[in-house]
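Using the sequences and the accompanying hints, generate a full structural model.
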Amino acid sequence: MTAGRKIGRPILEIDGVSLAFGGVVALQGVSFDVREHEIRAIIGPNGAGKSSMLNVINGVYHPQQGTVAFKGRRRHRVDPHEAARQGIARTFQNIALFRGMTVLDNIMTGRNLKMKSSFLQQALYWGPAKREELEHRAKVEEVIDFLEIQHIRKTPVGRLPYGLQKRVELARALAAEPELLLLDEPMAGMNLEEKQDMSRFVLDVNDQMGTSIVLIEHDMSVVMDLSDRVVVLDYGRKIADGTPDEVRNNRGVIDAYLGVAH
Amino acid sequence: MLIGGLLAGVMYSLVALGFVLIYKASGVFNFAQGAMVFFAALTTVGFISMGAPFWLAVALALLAMVALAFFTERVVLRPLVNQPQITLFMATIGLAFFIEGIAQLTWGAQVHALDLGIADEPIEWLMRNTGMNISKFDLVASGIAAALVAVLAVFFNKTRTGRALRAVADDHQAALAVGISLQRIWVIVWIVAGFVALVTGLLWGARNGVQFALTFLALKALPVLILGGFESIAGAVVGGLIVGASEKLAEVYIGPHVGGGIESWFPYVLALAFLLVRPEGLFGERRIDRV
Amino acid sequence: MLYREAGQFKTTYAADQQLFPIRQDRIGIAILLAVVFVGVPLAAETPAIAGAIDFNYWFSGVLVPFLIFSLAALGLNILTGYAGQLSLGTAAFMAVGAFAAYNFELRVPGMPTLASFILAGVVAALIGIVFGLPSLRIKGFYLAVATLAAQFFVVWALTKFGWLSNYSSSGVITAQKLVVFGYAVDTPVKRYLLVLAIVSVMALAAKNMVRSSIGRAWMAVRDMDVAAEVVGIPMMKTKLLAFAISSFYCGVAGALYAFAYLGTVEPAGFELDLSFRILFMIIVGGVGSILGSFLGAAFIVLLPIFMDLSAASIERSFGFALPAGLVSNLTLILFGALIIFFLVVEPLGLARLWQIAKEKLRLWPFPH
Numbered sequence: 001m002t003a004g005r006k007i008g009r010p011i012l013e014i015d016g017v018s019l020a021f022g023g024v025v026a027l028q029g030v031s032f033d034v035r036e037h038e039i040r041a042i043i044g045p046n047g048a049g050k051s052s053m054l055n056v057i058n059g060v061y062h063p064q065q066g067t068v069a070f071k072g073r074r075r076h077r078v079d080p081h082e083a084a085r086q087g088i089a090r091t092f093q094n095i096a097l098f099r100g101m102t103v104l105d106n107i108m109t110g111r112n113l114k115m116k117s118s119f120l121q122q123a124l125y126w127g128p129a130k131r132e133e134l135e136h137r138a139k140v141e142e143v144i145d146f147l148e149i150q151h152i153r154k155t156p157v158g159r160l161p162y163g164l165q166k167r168v169e170l171a172r173a174l175a176a177e178p179e180l181l182l183l184d185e186p187m188a189g190m191n192l193e194e195k196q197d198m199s200r201f202v203l204d205v206n207d208q209m210g211t212s213i214v215l216i217e218h219d220m221s222v223v224m225d226l227s228d229r230v231v232v233l234d235y236g237r238k239i240a241d242g243t244p245d246e247v248r249n250n251r252g253v254i255d256a257y258l259g260v261a262h
Numbered sequence: 263m264l265i266g267g268l269l270a271g272v273m274y275s276l277v278a279l280g281f282v283l284i285y286k287a288s289g290v291f292n293f294a295q296g297a298m299v300f301f302a303a304l305t306t307v308g309f310i311s312m313g314a315p316f317w318l319a320v321a322l323a324l325l326a327m328v329a330l331a332f333f334t335e336r337v338v339l340r341p342l343v344n345q346p347q348i349t350l351f352m353a354t355i356g357l358a359f360f361i362e363g364i365a366q367l368t369w370g371a372q373v374h375a376l377d378l379g380i381a382d383e384p385i386e387w388l389m390r391n392t393g394m395n396i397s398k399f400d401l402v403a404s405g406i407a408a409a410l411v412a413v414l415a416v417f418f419n420k421t422r423t424g425r426a427l428r429a430v431a432d433d434h435q436a437a438l439a440v441g442i443s444l445q446r447i448w449v450i451v452w453i454v455a456g457f458v459a460l461v462t463g464l465l466w467g468a469r470n471g472v473q474f475a476l477t478f479l480a481l482k483a484l485p486v487l488i489l490g491g492f493e494s495i496a497g498a499v500v501g502g503l504i505v506g507a508s509e510k511l512a513e514v515y516i517g518p519h520v521g522g523g524i525e526s527w528f529p530y531v532l533a534l535a536f537l538l539v540r541p542e543g544l545f546g547e548r549r550i551d552r553v
Numbered sequence: 554m555l556y557r558e559a560g561q562f563k564t565t566y567a568a569d570q571q572l573f574p575i576r577q578d579r580i581g582i583a584i585l586l587a588v589v590f591v592g593v594p595l596a597a598e599t600p601a602i603a604g605a606i607d608f609n610y611w612f613s614g615v616l617v618p619f620l621i622f623s624l625a626a627l628g629l630n631i632l633t634g635y636a637g638q639l640s641l642g643t644a645a646f647m648a649v650g651a652f653a654a655y656n657f658e659l660r661v662p663g664m665p666t667l668a669s670f671i672l673a674g675v676v677a678a679l680i681g682i683v684f685g686l687p688s689l690r691i692k693g694f695y696l697a698v699a700t701l702a703a704q705f706f707v708v709w710a711l712t713k714f715g716w717l718s719n720y721s722s723s724g725v726i727t728a729q730k731l732v733v734f735g736y737a738v739d740t741p742v743k744r745y746l747l748v749l750a751i752v753s754v755m756a757l758a759a760k761n762m763v764r765s766s767i768g769r770a771w772m773a774v775r776d777m778d779v780a781a782e783v784v785g786i787p788m789m790k791t792k793l794l795a796f797a798i799s800s801f802y803c804g805v806a807g808a809l810y811a812f813a814y815l816g817t818v819e820p821a822g823f824e825l826d827l828s829f830r831i832l833f834m835i836i837v838g839g840v841g842s843i844l845g846s847f848l849g850a851a852f853i854v855l856l857p858i859f860m861d862l863s864a865a866s867i868e869r870s871f872g873f874a875l876p877a878g879l880v881s882n883l884t885l886i887l888f889g890a891l892i893i894f895f896l897v898v899e900p901l902g903l904a905r906l907w908q909i910a911k912e913k914l915r916l917w918p919f920p921h
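Top line first, the protein sequences correspond to chains V, X and A. Just so you know, we're using this note's numbering here: the first sequence kicks off at 1 and counts up by one. Just so you know, we're using this note's numbering here: the second sequence kicks off at 263 and counts up by one. Just so you know, we're using this note's numbering here: the third sequence kicks off at 554 and counts up by one.
There may be inaccurate statements among the hints.
[Said to hold, decoys possible] As a list, the in silico PhoX-like pairs of lysine-lysine whose alpha-carbon atoms are at most 20 angstroms apart:
1. Lys760(A) / Lys116(V)
2. Lys760(A) / Lys130(V)
3. Lys114(V) / Lys692(A)
4. Lys139(V) / Lys154(V)
5. Lys139(V) / Lys563(A)
6. Lys286(X) / Lys692(A)
Keep in mind that the hints were calculated from the coordinates and are not lab data.
Here it is, written out as structure tokens:
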């Protein structure tokens, strides 16, 4: 399934990242990298620090120690909208759509950072503003076609069922044409059929658009099927890193999952 | 001057106390607290002017506050449960208008005097010995405020109902799960807030006359709450004192340089400056946004 | 059956993105514009009709204030309804606009009226940005305190600093004469047309903004600010722009309030009460809706007039005087009750009811 893709050099390098809230340690000296065109899974028991890791990558949290380098550029402190501008998009564990807006408008926000016209031009809806709006609409329609959500484009997202909301959230992330896509449990709460659909989309994104993907997922069969390499976190520490097969047979991972005392 | 400010601050504290009670138990920022103060005081003087003895009038006013609590729970809170805080806040603005209208419709809009039988004159003994100008009335008012705070603190920490109130404040869902009736709690807390409003209304009314301006108290309570934190009874008291004292001091020391009258906005600017430094208030709890 | 979009196919995104995608809506809005711009003034000039209706009262007492409040409500709606930042200081920004326009006309020789209105809006926008700065750190009703600070500070400053009101007592100013492109705007119908034109243009601009990227950024910040940042929407720029543009609208509304409606204003006329009234307009009309700003303004402007008229007719037909203050207190109660009613029953206000009616109409006469 993954044949034919060229996995390139590291696009994201995490080096010795530690993060704590007050006295609670969420991450402790975690290092790993993500290569171009790769699907990289992060797994671990609840509370292992997986979501915190994503939040560090796209700047929602700022780690106390360690560095994150994206496309070779090392950064100390970056704000989420900066990270988005550099080409990092993501979805959330608990859907974070803009509930008062339609599907189309939600996805259009993904392209906001590519829009250049000033508010005065937009107020007149004239010249560059109108042209830009239509160009980006066309681009968004491609994403809508890709994810097969044409029939709901004018529906307010609040009225959609859970599975479709997850898909719209992915669409919003894809609309930004990211180089790195962070997916936080994209298949949580889905039935088998929806999981298959979502897996197909994730693979297609990776395959056709060449996007690198970091994936958090609890369903092990999904993780093993989709990902090229897997990082395992437990209590904020990295306990394993490797191909799905290596990780599956790792003693520490088995212990962490089965709850054996350390 | 400072003393005068602190005593005005005691009054602010009392209003803020009403806010904190409701906020703690229901997460509602009750803009109508000022209107409730006005309503309670006006009802009392209304009954007095009809010939009722003072204590009967107070009892009847308290009864009116109880009725108001039931009404509010049924008509405003219950239908709006689980709505965003800002919606509830706006609903209480509507409630404030409603209460003000009812109060004036029932009792008329003119200023009423209220005599509690406590002389508003300086205590000569203190004046002679320390040079401080404190009126007997202010002293009694502070005493009542202190007693009220103490009673509420005991109520919250030692009684079953008080513990239930705090549980609700921490987590609505969890409180429901362990069998606490939200609706009952809300009614109770609004009754208590109504009682606080009544006390506040009587004290302020005796000092400045029972008039529409009482409703503006609600606005002064906002900076008090920001300084003290929305969830802390102690904070409400300390915040009230700070606001009362600082606005008087500002009026005396800064006022003359800019033309005076800065009491109207100084507390807000103070609160704003404070917010930028410590958004959770003096005694509030810092929250971490989770995604 | 008449209101049906079946058969109107869109072949381009431009056609799908236009202001009124349904043909019947376009016809309706064209008729509405024709009536308000041409029909109403013509009727007022026609002696037969003008004799029957007191147009001067309708223009000066109803339509002009309605339009001006619509503009202010529009301004507040941009900030509160679209960008989700609650403001209790709308009247303050109107006051800034009124006094700024007055001072520009007073102190700059040959200043055209319209230019002074625009500059008044810009001054209000700058003040709006200053008081919007705290919104970068605080939310919800904490922010309400920042806007309350604006409310009290502005009214205080306008009263205290005599220069701003040209040293008149208690800050009363009398607006200069309205002259637009050399024409004196000196009759009720002319003032109505001027206000109507300004409000129409600004409403169109607002509609355009909220359907473009800036409007989506505002709504994103409103609906979920953390997610908005992650999508790449800069919080600071988006919020401050909302404050600036909202205050611009309120500032122009304030200038019109002084110049085209009251003529003479004082800082005390821009108290908190006015801010609340405009907040009520957007709650009743529809939070986050351009149309709602107009519906809400109409409702809140007309309600007291309606109450007064009813009271007068009751007094006339039953021959006794209602107690003083009864009507104003009843209005107060009704305002309060309506706010609660709308928040509970239809949080999106009259605009949503209108939308539901249209959706029903699209299916009519078939139930589904």
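Hints, one by one, checked against the model:
1. Lys760(A) / Lys116(V): It holds: about 19 angstroms lies between the C-alpha atoms, which stays within 20 angstroms.
2. Lys760(A) / Lys130(V): Between Lys760(A) and Lys130(V) the Cα gap is close to 13 angstroms, so the pair holds against 20 angstroms.
3. Lys114(V) / Lys692(A): 28 angstroms, violated
4. Lys139(V) / Lys154(V): 16 angstroms, holds
5. Lys139(V) / Lys563(A): 17 angstroms, holds
6. Lys286(X) / Lys692(A): Given pair Lys286(X), Lys692(A) holds - Cα atoms ~18 angstroms apart, limit 20 angstroms.
Violated hints amount to a single one, hint 3; each of the other numbered hints is respected by the structure.
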